[in-house]
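What follows is the residue order along each chain.
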Amino acid sequence: MIKLIGVVIVIVGLLLRFNPLLVVLVAGFATGLVAGMSPMDILSAIGQAFVTNRYMSLLILVLPVIGVLERFGLREKAEDIIRSMRTLTAGRVMFAYQIFRQVTVGLGLQLGGHPSFIRPIIAPMTEAAAGREGATSPSWLDRIRGMSASAENYGNFFGQLLFPAAGGLLLIKGVLENAGYKVDLMVMAQYAIPTAIAASAIALIRFLLLDRAIRSAGQNKGGEQA
Amino acid sequence: MNITLDQIYAVTGVFLLIFTVLTLLDKKQSGKNKLGTALFWGLYGVTFIWGKEIPPAAVGAMVVVMALLAGAKWMGLGEYWSATAEFRRQMADKIGLWLFGPALAVPLVTFLVAYFFPKMGALVGLGIGSVVALVLAFLLTRAMPVQIFQEGRRLLDAVGWAIILSQFLAALGFLFDKAGVGKVVAEMVSTVVPVDLRLATVIAYCVGMALFTMIMGNAFAAFAVITTGIGIPLVIKMHGADPAIAGVIAMSSGYCGTLMTPMAANFNVVPAALLEMKDKNGVIKAQVMTALPMLVINICLMYFLAFPGK
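Protein chains in written order, with our numbering: chain A, 1 to 226; chain B, 227 to 536.
Isolated chain B, as found in the complex:
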C-alpha cells in the first residue's frame, strides 16, 4: 500500500469541488454571495488537485482573486438542510455512544498509519483516517451521501475565507525572509539591548522570539532568524549559554508568541471560526493571560538553567 500526499490533496480538492457544486445548486444563496462563495471554493479546489501542475504565478493570481473575493465580502452562508433539535435528540438516544466512533477513528487511524507506515507519515494518515471515518459515519447513520457533504459545507462555510489564511501567511513569511526582515529586526534589538548584562540578552532573545513569532505567525520561522541574530552572538557566544538548553527554551518562548497573534491563523483564527465564536479574536484573548506569564517563566528558566557552572 502506498498512498501519496498528492493523492490526499486530490481528495481534498474533490471535496471542495463538491462544495462548489452544492453552493451553485443552493436555492437560498443568490447573486454576488453565491458567485463569490462558489468561485472561492472552486479555485481553492483547483489548487488542491492541480497545484503542482499549474504555474506558480497562476496559482498566485488565483490566491489574489480569493483574497479580493473575501475582502469584498462576496461570501456567505447557504441552506444546508440541517436537522432539527428533536431529530438530533432522537438520533443521539438511538445511536448512543457509537457516535464517538467515527470521530475517534480519525486520530486513531492517523496514528496507526504514521506508526506502521512511517513512509506515508501523519498527514497521509490524517487523509486516510478522514476517509475511513467518513465510511464509518455513513454506515452508522445511513445518511444520504449528499447530506454528508452538505454538513461538511455547513462547517466549511462557517470557517469561510479564514481557512486559507494560514497558507497565505506562509507565503508572506517567505517574502519577509527574502527581504531580510529578520536581520533588520535582530540588528535593531541588538543595538538597543545593554549586551553586557546577561539577563538583558536573555530577555532580548526570549522576547525577540515571542515578538517575531507574532509577526511571522510561526515560531519555526522566527527561530532561525532570532537565534542567528540575537541568540548565538549575544546569549551563546558572549555569555556562554549552553546552546541546546537556550535553544529549546527560546523555541518555547516563540510558542508564547504563537498564542497571542492572529497571524498564527490555524491555531487561533480558524478555531474561533470553527467554533462559531462571535469574537474572532476570542481564542487569542483567552490565551494572553497564559502566554505572558509563560514568557516570564521561560526567561527565568533560560537565565537560571542555560548557564551551568557560570
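Here chain A stands alone, though its shape is the one from the complex:
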C-alpha cells in the first residue's frame, strides 16, 4: 500500500492546487524512495526520462511560425472565412474538424494538433461564429476554446486505432503476445470502428448542444437590451 504514496500525493497536490511541477517532483521522489532508490538514482531516472521524451515538446518549433502569421492577420483571415459562410456555426466547425482529424489519423496521417490547427485556425473560426450570435463574454470564450481543443483530442484518440500500423495497436499486440496470445492487427483495427462511430455521435451531440446554448445566450442578451 505504501507504494501508492506517489498516487496519493498527485491527487491531493492537484486538488489543493499546488503547482503541478512541484506535485510531480514530490510524488516522484516519494515513489522512488519507497522503491528503494537513492536520491541520486531518482535524479538520474528523472533526467533520463526527461531527455528520452523530448519529442513531446517539439511543438516549440512551430510557435514562431504561428506567432508571426498571427502578427500578419491569420486570426483575422480565419474570422473572415466564417463571416463569408453564414451557415457555419461553432459546433459545425468543431465537428467538421473532428471528422477530418479522425479520418486522416485513421489513414495513418498525422495532420492536426493544437498548435498548428486549433490555435491559429479552428479557435478563431469558432470564436467568430459564436461571436456572431452574441456569445462574446470571457466565460463563453473559455468554453468555446475548451470545446475547440476537445475536438482535436476526440478526433485523434478515437481515430488512431483504426490504422492497422498505429502505435497503440502495436503496443497491444506486443503486450498480448508477450503473454502468449497471437493477435491480428487487422482484427483489432476493425474492432476499433464501433468506438470511433460512437465517439463521432457523442461529439456531434455535444457540439449541437453547444450551438443551441450559444444561440439562447445570444437571444437572452437581446432580451436584456429590450
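Incorrect hints may have been included.
To be verified - In silico BS3-like pairs for lysine-lysine, Cα to Cα no more than 30 Å straight-line:
#1 B:Lys299 to B:Lys504
#2 B:Lys320 to B:Lys278
#3 B:Lys404 to A:Lys173
#4 B:Lys409 to A:Lys173
#5 A:Lys173 to A:Lys3
#6 A:Lys182 to B:Lys260
#7 B:Lys299 to B:Lys506
#8 B:Lys506 to B:Lys260
#9 B:Lys260 to B:Lys504
#10 B:Lys254 to B:Lys504
#11 B:Lys506 to B:Lys253
#12 A:Lys3 to B:Lys404
#13 B:Lys299 to B:Lys253
#14 B:Lys409 to A:Lys182
#15 B:Lys463 to B:Lys504
#16 B:Lys345 to A:Lys173
#17 B:Lys260 to B:Lys278
#18 B:Lys409 to A:Lys3
#19 B:Lys463 to A:Lys182
#20 A:Lys3 to B:Lys463
#21 B:Lys463 to A:Lys173
#22 A:Lys182 to B:Lys345
Just so you know, the hints here were simulated from the structure itself, not pulled from any lab data.
Put chain B on the given structure of chain A with help from the hints.
Just chain B now, with coordinates in the frame of chain A:
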C-alpha cells in the same frame, strides 16, 4: 538526405536559447521574473542540445531547478512588440488566404517526410516542416527575423512552465513503474471485484484502464499494467474473451481516461495554456461529459463483442 532527431532537438534548443537571450534583453521584465524566465528557457534549451551528453543525474537536477522556478512563480510575461489590431487587419487584407500557406506547410511537410523517408519518421518531419514553414512565413511577411522569434517567445511564455509537464510526467510514470504501483492497483481491483460475473470483470478492466490512465496520464503506460493485472487473468483467461477485441476496446477505455486528467498534460493542460484560457482545466471540463458516456459505451462494446459464441 538524412536528418536525425537529435539534429531536430538541437534546432529546438537553439530556439530556446534565442528566447533566453530575448528575455534577458527584455526591458519590461525585471528582477526575479526576468531571471527565472531566462534561466528556465536556458536550462530547457541545454537539455535539448546536450541532453544526451550531460549525465542523466545532472539533467535531473536541472529539471528540479526548473520545477522550483515554476513553483516559486519566478516566471512571467514580457514585451513582444506585438502588432496593433489595425496592422493585423491591414496585413490580413493585403496578404489574404496565403497566410494559411505556411501554417498548412507544417503538417504537409511532416506527412511527406514520414511517407517518402520512413527512416526519418514523423518527428523529424515535424522539425523539417517547421523550418520550411518558417522560411515560407519569412518570405511571405518579410518580418524581421528577430520579430519572428519575439512572436514565438510570446506564445511560449503564454504556455509557460506547462510545456515541460508532459516530459516530467513521463519521468514520474517511469518511477511508478519501478515501484510497482500498477501491480498494487491491479491486485486491489481484483480483490474487490466479484470475478464470477463476466460483466463485473469487463467493468473492472475498462474502468481500471480509465482510472490508471488518469493516474499515469498515458493510456499506453496503463495498458501493459492493467492488461497483465486484470485483463488477462480475469477477462481473457477466466471468461474467455477474444484478446484482440478486448485489448483494442480496453485501449479506447484508457483514452477516455486521458480526456479527463491533467496528467495528460500535452493533450489537456498545454492546449489550455496555448489557447490562453483562464481556466487551466477548461479543456478537461469540456471533455468529461464526452469521456464518461464513451467509457460506458466501451464497457458495453467489450461485453457484447469480445465474447463471440459464448
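Quick rundown of the hints versus the structure:
Between Lys299 of chain B and Lys504 of chain B the CA atoms are separated by roughly 17 Å; this keeps the pair inside 30 Å, and the hint holds. Taking the CA atoms of Lys320 of chain B and Lys278 of chain B, the gap is near 46 Å; set against the 30 Å cutoff, the hint is violated. A threshold of 30 Å between alpha carbons decides the hint, and for Lys404 of chain B with Lys173 of chain A the separation of about 23 Å falls inside it, so the pair holds. Between Lys409 of chain B and Lys173 of chain A the alpha-carbon distance is near 20 Å, which keeps this suggested pair within the 30 Å criterion.
Simply put, Lys173 of chain A and Lys3 of chain A have alpha-carbon atoms about 29 Å apart, close enough for the 30 Å limit, and the pair holds. Simply put, Lys182 of chain A and Lys260 of chain B have alpha-carbon atoms about 57 Å apart, too far for the 30 Å limit, and the pair is violated. Proposed proximity of Lys299 of chain B and Lys506 of chain B is supported: the alpha carbons are some 16 Å apart, at most 30 Å. With a C-alpha separation of about 23 Å, the suggested pairing of Lys506 of chain B with Lys260 of chain B holds against the 30 Å cut-off.
Between Lys260 of chain B and Lys504 of chain B, the direct Cα distance comes to roughly 23 Å. Compliance with the 30 Å bound is thereby established for this hinted pair. The suggested pairing of Lys254 of chain B with Lys504 of chain B holds, with an alpha-carbon distance near 23 Å, which does not exceed 30 Å. Between Lys506 of chain B and Lys253 of chain B the alpha-carbon distance is near 28 Å, which keeps this suggested pair within the 30 Å criterion. For the proposed pair Lys3 of chain A and Lys404 of chain B, the alpha carbon gap of about 10 Å is at most 30 Å, so the pair holds.
Our distance criterion of 30 Å between C-alpha atoms is met by Lys299 of chain B and Lys253 of chain B, whose separation comes to about 19 Å. Between Lys409 of chain B and Lys182 of chain A, the direct Cα distance comes to roughly 24 Å. Compliance with the 30 Å bound is thereby established for this hinted pair. Between Lys463 of chain B and Lys504 of chain B the alpha-carbon distance is near 48 Å, which puts this suggested pair outside the 30 Å criterion. Proximity of Lys345 of chain B to Lys173 of chain A is assessed by CA-CA distance (about 22 Å); at most 30 Å being required, the pair is judged to hold.
At most 30 Å may separate the alpha-carbon atoms for a hinted pair to count; Lys260 of chain B and Lys278 of chain B meet this at roughly 28 Å. Annotation: proposed proximity of Lys409 of chain B to Lys3 of chain A holds, straight-line Cα distance about 10 Å (limit 30 Å). Between Lys463 of chain B and Lys182 of chain A the alpha-carbon distance is near 14 Å, which keeps this suggested pair within the 30 Å criterion. The suggested pairing of Lys3 of chain A with Lys463 of chain B holds, with an alpha-carbon distance near 28 Å, which does not exceed 30 Å.
At roughly 17 Å between alpha-carbon atoms, Lys463 of chain B and Lys173 of chain A fall within 30 Å of each other, so this suggested pair holds. For a cut-off of 30 Å, the pair hint linking Lys182 of chain A to Lys345 of chain B stands: about 28 Å separates their Cα positions.
Hint compliance for this structure: hints 2, 6, 15 are not met, and every other hint is.
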